[in-house]
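Residue numbers (our numbering), protein chains in the order written: chain P, 1 to 146; chain D, 1 to 426.
Worth flagging that the hints you see were computed from the coordinates, not collected in a lab.
Hints may be right or wrong, so weigh each one.
[As the list claims (entries may be wrong)] Here are the simulated BS3-like pairs of lysine-lysine, each with C-alpha atoms no more than 25 Å apart in a straight line:
1. D:Lys288 to D:Lys112
2. D:Lys385 to D:Lys93
3. D:Lys154 to D:Lys385
4. D:Lys422 to P:Lys16
5. D:Lys112 to D:Lys129
6. P:Lys124 to D:Lys421
7. D:Lys288 to P:Lys124
8. P:Lys21 to P:Lys143
9. D:Lys93 to D:Lys154
10. P:Lys143 to P:Lys124
11. D:Lys421 to P:Lys16
12. D:Lys116 to D:Lys154
[Said to hold, decoys possible] A partial selection of chain D residues facing chain P, derived with a Cβ cut-off under 10 Å:
13. Arg21
14. Asn22
15. Leu361
16. Pro363
17. Ile369
18. His381
19. Lys385
20. Cys388
21. Val394
22. Ala396
23. Phe423
24. Phe424
25. Gly425
Everything numeric in this text was worked out from a predicted model, so none of it was measured.
Heads up, the beta-carbon is just placed ideally off N, CA and C, and yes, glycines get one too.
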Amino acid sequence: MKLENMYQEIILDHYKRPHGKGLSEDFLAEVHHVNPTCGDEITLRVSGNEDGTISVSYNNEGCSISQASASIMFDQINDLDFVHGDNAVEHLVAMLQRTQEPNEEVLGDGIALVGVAQYPARVKCALLPWMAWKDAAIQAGMKKEK
Amino acid sequence: MSRLDVAAIRADFPILKRTVRNDRRLVYLDSGATSQKPYQVLDAERDFYENNNAAVHRGAHQLAEEATDAFEHARSNIADFIGANADDLVFTKNATEAINLVSYAFLNATLKSQHKKDLPAGSERFILKVGDEILVTEMEHHANLVPWQELCDKTGAVLRWIGLTDEGRLDLSDDSLFNERTKIVALTHQSNLLGTVNDIPAIVKRARAVDALILLDACQSVPHMSVDVSTLGVDFLTWSGHKMLGPLGIGCLWGRADLLAVMPPFITGGSMIEVVTMSGSTFAAPPKRFEAGVPMAAQAVGLSAAVDYLRALGMDKVAAHEHEMTQATISGLKSIPGIRIIGPEDLVDRGSAVSFVLDGLHPHDVGQILDENGVAVRVGHHCAKPVCARYGIVAATRATYYVYNDLDDVDALIEGIHAAKKFFGV
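Okay, chain P solo, but in the shape it has when bound (with noise of 0.2 Å):
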């Protein structure tokens, strides 16, 4: 069945077993964001290292997608400095809107959340924890030009 497409194993995985949920005491700045219609949410930290990349620590509540976002985004973007990690946000929401292909060396695992375009009122959980990091990201004056 469709749906699925949308619950793949990769994606139930990742819910059932999160990576890197807990918050870091340590951080440059903390958002929390909220998907105001299921009620997802998420507290999310961020902290610069020397090197320029940026660390990344949650906690959050909510459904399956959200929380295999989460946990997907956490590998893919945690140590990356703003450039990369943005271009990541940025390719889930052009795949999110069918706009471009899934691209694994980009999203890794973040590829099983393609069937989510199917379902419009999930893409936002999808999106909830990416957009949480930019939002820190930029809080923490981490965005450098390219």
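Since the structure of chain P is provided, determine the placement of chain D on it from the hints.
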């Protein structure tokens, strides 16, 4: 009492003939958000546009007369449905606007008095002083909470609320909530999330004892049970058309005539005036004072047809029919391990909104699997975040029933929940 003929009712609703996701029969359990529309309503609206369309209360041509007649006939018919006089029924965009209309009557009277503007005798009770109180409940839809929070922010009045018991009922143990500072009590007739039907006589008695006004949000009651303002004892009743088989874009405010007569207008402009000069204006009598601009005549005609439809079914039968499905839903849910019903589990004073959470599974995921099975439910906070907070949840899954649902739909819901549990392995 004879029962509703659901098969005949379903034949009146064209949307129920379509299928959803993978050719599934549509099991529509989201009427609490908006109801579906029968041919009778769609035809009435279309007939107005095809034959009588004109801007009402303007122009002297034949179409304008016919449109005005149709609009005012709709007003009478809808008013009659709740035991009211047509002159006391105001059409609004929706119930949210109807509530805002009353909250802004307070704000506007308060501002005008501060600027020493002339106000009609009797409008004093709409003038708020710092420390005056507005009483709501913890089970309100945001539409009957946020306007009052805003009013308090702008006037220095204090918002207080009646809390909830663990069972999902109003906790009326604190009598001090009703006091001489209480200016208005605004509460829901039936909670859109919990399904609780509130004890209105008990509220009326307490509010009257301190001379407070009472606004009843009837969005979830007028569509589902017999509501008669001539015996309810409240001062304002607000509800929406689209939740009772009517069109989108029309809501209603009923108000006691002596109160409407002294309330300042909310939205101003054309239609609602009496005399306009460059230095100022006087306003029309209610209900027109509160209906600025060209009104939604076709929607009023459609809503009037919805009222005819419900009246022909009989509101007591509608309520009994929903009660039967509510009972089946609650007992079906209780048989599923890991389910927690948010709201009363007993069937006394309880409507057909049934919300629940499932251990280990987010409502959004439950809703998705149900959707895959053709079952349309609402998931999320149901515009009642404080209710969710009260019961320690961020979201819930909600089924709501109406005249076109039957016990097969309840079965589809229960089967869908089992499917969701199986799919996610919980």
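Checked hints:
1. Under the criterion of a C-alpha separation no larger than 25 Å, the hint pairing Lys288 of chain D with Lys112 of chain D is consistent with the structure, at around 21 Å.
2. The hinted pair formed by Lys385 of chain D and Lys93 of chain D meets the criterion: a straight-line CA distance of about 24 Å does not exceed 25 Å.
3. Restraint check for Lys154 of chain D and Lys385 of chain D: satisfied, since their Cα atoms lie roughly 23 Å apart, inside the 25 Å limit.
4. Between the alpha carbons of Lys422 of chain D and Lys16 of chain P the distance comes to roughly 15 Å, so the proposed pair stays at or under 25 Å and holds.
5. Distance check on the hinted pair: Lys112 of chain D and Lys129 of chain D sit about 13 Å apart at the alpha-carbon level, within 25 Å; holds.
6. Distance check on the hinted pair: Lys124 of chain P and Lys421 of chain D sit about 24 Å apart at the alpha-carbon level, within 25 Å; holds.
7. Between Lys288 of chain D and Lys124 of chain P the CA atoms are separated by roughly 42 Å; this puts the pair beyond 25 Å, and the hint is violated.
8. Proposed proximity of Lys21 of chain P and Lys143 of chain P is supported: the alpha carbons are some 24 Å apart, at most 25 Å.
9. Between Lys93 of chain D and Lys154 of chain D the CA atoms are separated by roughly 24 Å; this keeps the pair inside 25 Å, and the hint holds.
10. With a CA separation close to 23 Å, the supplied pair Lys143 of chain P and Lys124 of chain P stays within the 25 Å bound.
11. Distance check on the hinted pair: Lys421 of chain D and Lys16 of chain P sit about 14 Å apart at the alpha-carbon level, within 25 Å; holds.
12. Between Lys116 of chain D and Lys154 of chain D the CA atoms are separated by roughly 18 Å; this keeps the pair inside 25 Å, and the hint holds.
13. Among the interface hints, the one on Arg21 of chain D holds; its C-beta lies about 7 Å from the nearest C-beta in chain P, closer than the 10 Å criterion.
14. Because the beta carbon of Asn22 of chain D sits about 7 Å from the nearest beta carbon in chain P, less than 10 Å, this interface hint is met.
15. Of the supplied interface hints, the one on Leu361 of chain D holds, with its beta-carbon coming within about 8 Å of a beta-carbon of chain P, less than 10 Å.
16. Restraint check, Pro363 of chain D versus chain P: the minimum CB separation of about 7 Å is within 10 Å; hint holds.
17. Using the Cβ-Cβ criterion of 10 Å, the hint placing Ile369 of chain D at the interface with chain P is satisfied: the shortest such distance is roughly 7 Å.
18. For His381 of chain D, the interface hint holds, since its Cβ comes within 10 Å of a Cβ in chain P; the closest pair sits about 5 Å apart.
19. Hint status for Lys385 of chain D relative to chain P: holds, with the closest Cβ pair at about 8 Å, below 10 Å.
20. With a least beta-carbon distance of about 7 Å to chain P, the hint placing Cys388 of chain D at the interface is held under the 10 Å criterion.
21. Because the closest C-beta pair between Val394 of chain D and chain P is about 4 Å apart, less than 10 Å, the hint holds.
22. A cut of 10 Å between beta carbons decides the hint on Ala396 of chain D: the least distance to chain P is about 9 Å, and the hint holds.
23. Because the beta carbon of Phe423 of chain D sits about 7 Å from the nearest beta carbon in chain P, less than 10 Å, this interface hint is met.
24. Nearest Cβ of chain P to the Cβ of Phe424 of chain D: about 7 Å, under the 10 Å cut. The hint holds.
25. Annotation: Gly425 of chain D was flagged as interfacial toward chain P, and the flag holds, the nearest CB pair being 8 Å apart, inside 10 Å.
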